[in-house]
Amino acid sequence: MSSITASVPSSKAMRSGASLRRSRRWALYASYFFLILFAIFFLAPPYYMIVTALKTDGEMAKLATNPWFIYDGVTLDQFRILLKNTDFLIYFKNTAIVTVCVVAITMVVSVLAAFALGRMRFWGSSMLATGIFLTYLVPDTLLFIPMFQIVKTLGLLNSYWGMVLVYPTLTVPFCTWIMIGYFQSIPKELDEAALIDGAGHMQMLLKIFVPVALPGIIAAMIFAFTVSWAAFVYPMAFLYSSDQQVLTVGTVTSLIRGDVYKWGMLMAGALLAAAPPLVIYAFLMDYYIAGLTAGATKG
Amino acid sequence: MADTVQTWGSTVPGKATAKPNRMQKFLRRRSTIAFLMCLPLILIIVCLVIYPAFYSIYLSMLNKAQTRFIGLGNFTFLMSRDTFWMVVQQSTIFALTAVFFKALIGLITAHLVNNLPAKGQRKWRGMLLVPWVIPLALSTLGWWWMFDPTNSAFNYTLRSLGFDGIPWLSDPYWARFSVILVNVWYGAPFFLIMYLAALKSVPEQLYEAASIDGASAWQKFVHITLPMMRNIIAITVLFSMIVTFANFDIVQIMTAGGPRNMTHMFATYAFLLGIRSGDLPLGAATSLFMFPILAIAAVFILRGVRKRGREIG
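Residue numbers (the numbering used here), protein chains in the order written: chain A, 1 to 299; chain B, 1 to 313.
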């Protein structure tokens, strides 16, 4: 009796287990199939940019061949023309200077502020934290016109130092916000121990909090880097001469001359300009993603 | 940390008041230090965000030469123009459609990636996030080239499949479609990452319990996944609404507002009026029209983030 009742459900369970496994496998195949479709959608533009940048101008002019592939051989001519005949390297240098300065300013300002806001409550500190979050939500396109006037008054119009001045408004609020979260997640015992040992606040910050919160600091740095590398509205509005231009605007506007678009060279420029963020992403993907998701989950 | 110091202060008041109030002094010094540490940040926010915001309101009430105060003249002028109402319409269509499709694609791809074995997920996630990592201005340039009518990718492919080429950027409606498509392409990976993180935080036991009760995959999605993710979906959608509504790069690069001004957004229209035509006050007035919509979204995001913060603890 007991053996019968035991055997019936067990065989049933086995059968349903097998079908479950089969349906799981089909779900997996379907997932792969649709993911490949989405990957084609997401990666087609960068792929096409690469293909274009590696083609000769002659092949580009031919309308008969399939533009998605290279038939006449791979060439680096487009990159050579770009680096030799255009101001691309000047843009690159300007962008690098601006970005390094902005990242440095952002990190100093936001680590100090986040430490104060995350670990030492003071009058108005929660209001300030809310204010920082709201500032983060202010898009650059809301304030670029009054900013134009301010930058002009300061004599920084058409100078990349003007960018060093205004970019921190885009980077500091978010970096401070995620750093507050990271600092708050550090156990209280750590700073109590440091206080007992007689450490000052700055010592505590530099010797204990910065090393412990290093993942957060790297995530914030990556954020500041990508934002100031990719910024477009402010340089578009404030910079107009070639020697002061940055990469995004320089590639999109100054490399286009006359009616004939040199697409191969333009794509080579776009790829080189996009390379630093992509390289950082390739090596530090986990930090990148941690920074991305922290904005909505920490707080 | 702050709490512990305060409790020390309250439990030993006798000692502290008897001797030269060291605890209180320490506290005072502490908040002074904290304030000093925040000072650079406060300066940046006050000088480069709050001051420009108020200056923008003042600027928008001047005439073009900035010599005369004309009150709400710029705003009434804008509201009397058909182009302005087209900008309002296009910005709304752009933001709503783009955010809807970004959220939808993000949700679908997040589920697909989550279905994979754990080992492969990282690779797929890394690949699918690439559009978000390329600076938008540069990838838009690539899209522009793909949209090229005579000589390029999409129309070649369409023609070889036997269709006619599409005037992607020269026909106003196709141009609207194209700028939205690029925005969806750029923004969907962000939703993918956010939703994937949210999916991982749903406790596995809930699904197991539902399986035992015989719930179908769709029922699990509607009754477990969606409620658990509701907050994060709301935050990302509202956040993306702000960013999308205020978008500048895509339209400026691909169409510069044309054809027939039909793809202009608030940002590009403000750029045209304020910087290109040199009427800063009118441009400032145009971007100020974005403010109420952004403010409403911001309030709701803040509520969502606070709630989520409390849920996580």
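Simulated from the structure, these hints should not be mistaken for lab results.
Virtual Cβ for every residue (Gly too), placed ideally from N, Cα, C.
Treat the hints with care, since some could be wrong.
Stated by the list, open to error - Partial list, computed: chain B residues near chain A (C-beta under 8 Å):
(1) Trp-85
(2) Phe-221
(3) Gly-274
(4) Gly-278
Claimed, not checked - Derived DSS-like pairs (lysine-lysine); straight-line CA-CA distance at most 30 Å:
(5) Lys-307/B / Lys-188/A
(6) Lys-64/B / Lys-188/A
(7) Lys-84/A / Lys-62/A
(8) Lys-152/A / Lys-64/B
Q) Among all the numbered hints in the text so far, which are the ones the structure does not match? A) The structure conflicts with hints 1, 2, 4 and 6, although it agrees with all the remaining ones.
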